[in-house]
Amino acid sequence: MEQAGLYIHVPFCRSKCPYCDFYSLAAGSLIPDWLDAAASEMGLYKGVFGTFDTIYVGGGTPSLLPGPVLEVLMNRLVDHFVFIPETEITIEANPGDLTSERISLLKALGFNRISVGMQSFDDGELAFLGRRHDARGAAEAASRLRRAGFPNVGMDLIYGIPGQDMASWFHTLDTALSFEPRHLSCYQLTIEKGTVFSRRKEKGELVPIGEDLEREFFLRTSEFLTNRGYLHYEVSNFARDRKHICRHNQKYWQHVPYLGLGPSAHSFQAGRRWWNVRSVRGYCRALKAGASPVEGEETLTPAQVHLESVALGLRTQTGFDRSELRDPAAEEMLEKLEATGFLRCDGTRVTPTRKGFLFADHLPLYLCEEGRR
Amino acid sequence: MPHLTMENIRNFSIIAHIDHGKSTLADRLIQKTNLVDERKFRDQILDNMDIERERGITIKSQAVTLPYVNKEGVAFALNLIDTPGHVDFSYEVSRALASCEGVLLVVDASQGVEAQTVANLYAALEHDLEIIPVINKIDLPSADIERVKEEIEVDLGLDSDHALLCSAKEGTGIEEVLDAITAYIPPPKGSVDDPLKALIFDAHYDSFRGTIVSCRIFSGTLEPGDTIRLMSNDAAYRVEEVGVFKLTREPRKRLSAGEVGYIISGIKTVSDVRVGDTVTLDSHPAPEPLPGFKEVKPVVFSSIYPISSDDYHSLFDSLEKYKLNDAALVYQKDSSVALGVGFRCGFLGLLHLEVVQERLEREFGQSLIMTVPTVQYKFVLTNGEAINVDNPVDYPDPVTIDKALEPYIRASIMIPERYMGVVMDLCLERRGVNSRFTYPTPGRIEIQFDMPLAEVIYDFYDKLKTVTQGYGSFDYDLLDYRESDLVRMDILVNGEKVDALSQIVFREKARARALQACERLKEEIPRHMFKIAVQGAIGGNIIARKTISPFRKDVTAKCYGGDITRKRKLLEKQKKGKKRMKMIGSVSIPQSAFVAVLKSESK
Numbered sequence: 001m002e003q004a005g006l007y008i009h010v011p012f013c014r015s016k017c018p019y020c021d022f023y024s025l026a027a028g029s030l031i032p033d034w035l036d037a038a039a040s041e042m043g044l045y046k047g048v049f050g051t052f053d054t055i056y057v058g059g060g061t062p063s064l065l066p067g068p069v070l071e072v073l074m075n076r077l078v079d080h081f082v083f084i085p086e087t088e089i090t091i092e093a094n095p096g097d098l099t100s101e102r103i104s105l106l107k108a109l110g111f112n113r114i115s116v117g118m119q120s121f122d123d124g125e126l127a128f129l130g131r132r133h134d135a136r137g138a139a140e141a142a143s144r145l146r147r148a149g150f151p152n153v154g155m156d157l158i159y160g161i162p163g164q165d166m167a168s169w170f171h172t173l174d175t176a177l178s179f180e181p182r183h184l185s186c187y188q189l190t191i192e193k194g195t196v197f198s199r200r201k202e203k204g205e206l207v208p209i210g211e212d213l214e215r216e217f218f219l220r221t222s223e224f225l226t227n228r229g230y231l232h233y234e235v236s237n238f239a240r241d242r243k244h245i246c247r248h249n250q251k252y253w254q255h256v257p258y259l260g261l262g263p264s265a266h267s268f269q270a271g272r273r274w275w276n277v278r279s280v281r282g283y284c285r286a287l288k289a290g291a292s293p294v295e296g297e298e299t300l301t302p303a304q305v306h307l308e309s310v311a312l313g314l315r316t317q318t319g320f321d322r323s324e325l326r327d328p329a330a331e332e333m334l335e336k337l338e339a340t341g342f343l344r345c346d347g348t349r350v351t352p353t354r355k356g357f358l359f360a361d362h363l364p365l366y367l368c369e370e371g372r373r
Numbered sequence: 001m002p003h004l005t006m007e008n009i010r011n012f013s014i015i016a017h018i019d020h021g022k023s024t025l026a027d028r029l030i031q032k033t034n035l036v037d038e039r040k041f042r043d044q045i046l047d048n049m050d051i052e053r054e055r056g057i058t059i060k061s062q063a064v065t066l067p068y069v070n071k072e073g074v075a076f077a078l079n080l081i082d083t084p085g086h087v088d089f090s091y092e093v094s095r096a097l098a099s100c101e102g103v104l105l106v107v108d109a110s111q112g113v114e115a116q117t118v119a120n121l122y123a124a125l126e127h128d129l130e131i132i133p134v135i136n137k138i139d140l141p142s143a144d145i146e147r148v149k150e151e152i153e154v155d156l157g158l159d160s161d162h163a164l165l166c167s168a169k170e171g172t173g174i175e176e177v178l179d180a181i182t183a184y185i186p187p188p189k190g191s192v193d194d195p196l197k198a199l200i201f202d203a204h205y206d207s208f209r210g211t212i213v214s215c216r217i218f219s220g221t222l223e224p225g226d227t228i229r230l231m232s233n234d235a236a237y238r239v240e241e242v243g244v245f246k247l248t249r250e251p252r253k254r255l256s257a258g259e260v261g262y263i264i265s266g267i268k269t270v271s272d273v274r275v276g277d278t279v280t281l282d283s284h285p286a287p288e289p290l291p292g293f294k295e296v297k298p299v300v301f302s303s304i305y306p307i308s309s310d311d312y313h314s315l316f317d318s319l320e321k322y323k324l325n326d327a328a329l330v331y332q333k334d335s336s337v338a339l340g341v342g343f344r345c346g347f348l349g350l351l352h353l354e355v356v357q358e359r360l361e362r363e364f365g366q367s368l369i370m371t372v373p374t375v376q377y378k379f380v381l382t383n384g385e386a387i388n389v390d391n392p393v394d395y396p397d398p399v400t401i402d403k404a405l406e407p408y409i410r411a412s413i414m415i416p417e418r419y420m421g422v423v424m425d426l427c428l429e430r431r432g433v434n435s436r437f438t439y440p441t442p443g444r445i446e447i448q449f450d451m452p453l454a455e456v457i458y459d460f461y462d463k464l465k466t467v468t469q470g471y472g473s474f475d476y477d478l479l480d481y482r483e484s485d486l487v488r489m490d491i492l493v494n495g496e497k498v499d500a501l502s503q504i505v506f507r508e509k510a511r512a513r514a515l516q517a518c519e520r521l522k523e524e525i526p527r528h529m530f531k532i533a534v535q536g537a538i539g540g541n542i543i544a545r546k547t548i549s550p551f552r553k554d555v556t557a558k559c560y561g562g563d564i565t566r567k568r569k570l571l572e573k574q575k576k577g578k579k580r581m582k583m584i585g586s587v588s589i590p591q592s593a594f595v596a597v598l599k600s601e602s603k
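Protein chains in written order, with this note's numbering: chain A, 1 to 373; chain B, 1 to 603.
Calculated directly from the structure, the hints in this document are not laboratory data.
Don't take each hint at face value.
[Said to hold, decoys possible] Chain B regions said to be covered by chain A (calculated; three or more residues, Cβ under 8 Å):
1) 256-266
2) 547-556
3) 571-578
[Stated by the list, open to error] Just the calculated beta-carbon pair ranges, DEER-fashion:
4) A:G130 x B:S309: 38 to 46 Å
5) A:R199 x B:K573: 48 to 56 Å
6) B:P141 x A:R199: 49 to 57 Å
7) B:P550 x A:A270: 52 to 60 Å
8) A:R285 x B:P550: 48 to 56 Å
9) A:A26 x B:S309: 30 to 38 Å
[Unchecked claim] As a list, the in silico EDC-like pairs of lysine to aspartate or glutamate whose alpha-carbon atoms are at most 20 Å apart:
10) A:K336 x B:E496
11) A:K16 x A:E192
12) B:K253 x B:E241
13) B:K323 x B:E288
14) B:K558 x A:D327
15) A:K107 x A:D36
16) B:K599 x B:D425
17) A:K355 x A:D327
18) B:K573 x A:D361
19) B:K569 x A:E192
20) B:K567 x A:E335
21) B:K558 x A:E335
22) B:K531 x A:D327
23) B:K567 x A:E338
24) B:K576 x A:D361
25) B:K567 x A:D53
26) B:K531 x A:E335
27) B:K531 x A:E298
28) B:K578 x A:E331
29) B:K558 x A:E216
30) A:K336 x B:D563
31) B:K509 x B:E496
32) B:K578 x A:D53
33) A:K193 x B:D425
34) B:K575 x A:E92
35) A:K203 x A:E192
All C-beta atoms in this analysis are idealised placements derived from N, C-alpha and C, irrespective of residue type, glycine included.
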């Protein structure tokens, strides 16, 4: 049986980045309430999910949690759930939080994978992105992790920043690679609704780089990292080798069960998806009152499972099973898309090419029609 | 209400330029005569169809009998016949006016006399009707009653002393309007002892009672149990019920000369009756029908296809049901390489076409593609055979064509003199010939042109309104067929010919039309993952080309646990949108593209 994944949302940040639409609060005073609530929420799922083989502490900025809070959190998890011995345990961290002591503590608590929000190795870009660290701070954090022998280090980077040119982006990539990260997430800067950047864009102060440049950044990033031996296994994700593909994130893309704890976290099991309230206070209030923090849920119809399988499959090198396409029109379309270099098919799997990744949001529309002409 | 003598009946219509307040005035007259409960009242009460209410237009004629008792205590039956206002329905309007003795000519107190006001006046004068000018919207701060009175005198040549002042919105002056109707509009004439002559001015379908015929009785009487005869086709029916319209139908023992009402007589569909026909009694027939009957023929043709070919049967059923209530629509089975099986339809004009399309979609839930509207052409072939072609697909092999002919109209355009130059330019550009001018009133000019019908069916009226800032009115009569040089212009999408986009065009204009079509398609077809070439061609020659550039990248950076539901919902929405498009090869063409190719300018 497939092992489940466990996600904990830490909804706190020291400051809000102008591009980020993830749910987080600057009010650290709520941390104790949140911790209590998370522990209560674990109680609601005791025995529901079988064994887990991943823990992912994400946010927000989990690395800002005080040591004792992290310790309690990890202990509670072990109290409530069953994990296999080689569980992948990830924490997201900001470079500025990664002192040597903190790194040792994380290792001691069992974290074997860390995803560091470097974003860039250029001071100007970091300032534009509203990050609290500079290029030197990012490099120092990376060095400390190496010296501490942290087993599996991943870095988050952002490209397509207005004003950024290809040379500057390759400088960031080169710098990142000099630390031999096991994993790289390279996100194109996206202007999300409700963010500071989105308001600045409306005012005309921030001009996105445009479709042609986006395409060039994407393709050249993929070529560059592939040439350096990385696997481009998902639209924005690269791994040193198969072993270092993020086991946890794969579950989201393959309809494998996962439990999401914390405000706004999503869970999935047996065709049903549910999600918690976004507000930290609302989340704490519900659990304090012994109620469920679940705000919404859906049970996928077979057609929806099919659509998601194809859409999510097209974002990863795993692709989707060819048997998902049952009608002749879709089969015919598949052949066309293969001939034009968007997809690859072998006997049983359909996978996107590099060019196919560029259109991963659009391709499902071609393949999941009702087969009518 | 007791049966009134002819002396106490008034038959009238309201005519007005659009937005001058025709429907609001009708609403107030209905309210003033207490025909309807305040509770049940709604604005534009006579316009039943959603499309009428939304667009503020009247498509079907409708009658209502208003009971009115004047200050002297005399009771009247005031029959208001509401008429459509568009040139597509001009024949129906003429029959409605023929059923009246007078009209209220409504003029906006701030806008004054406008083009349509004049055209309406002429229509009313043609039927020798008593005309009562009504100056509406006197409550507006910008109202200028003295100026409007002067315009009524000078531009319309009417006595403005008679002009009534009212505000339909505020409900002031309504009683004066009602009194003027009784005082100035003459009572109907005609003898109850003469043979029955009833003029059909409308018919509509009721799913319980069959066809309800609206008519004006000119002579004789009609009772349930009588056998009637429709004089144009000699069909006979037994009368089940007669009555008058009071927003709902109110049965009567009899209808007599001078009255307006309805007949129910087991007529199955509205297509069995013809607007303008005369109803008489089988037992005591009239020697001749009322004048003015004419068979209404479609002038614009287009094919209707279901977006999904599985929906053909459902479309067929919907058309059958729709046709029950619209005698003017004609259709027959049609097929296209690009679009599959559908129907070739004939319409009275483009508004009629739009109304049919909109009602099929809204009231019958159909998803349709309509092809480029066209007129009916005639071709004389080298072997002497003459054929009619109302579908570009049937354009004959060019080497076999001896002579090509296209229908011409006489366009009548009435405008203030200052617009003469721009209107002349427009008409010449649309191949107008043989122009004539008359000056009905000082400062106004009526221009007549002989023009190919094909040049006016799409956006001529819109263009005219634009260049004359709304002051141009337009009407036309079909004239004859004249020799022309016609070619078929085809459209290729990524090299594939789309037969549903072909048009028959005047050779000299082919290149311009092809370029225009390609430009419209470029606007209508969304970007794809690949480049799309849109080409116009005559025979094998490409005469125009536009390219739709592909989009370059379409993938969001992140998709984790919390993003999946949102992403799927977006895909589901996009899939729905795509279902409303037609796949030609691997190109999705939106339904709007098929008609847009005729537009000369972008939206």
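Name the hints, by number, that the structure is in violation of.
Violated hints (numbers, rising): 1, 4, 5, 6, 7, 9, 13, 14, 15, 17, 20, 21, 22, 23, 25, 27, 30, 31, 32, 33, 34; every other hint is consistent with the structure.
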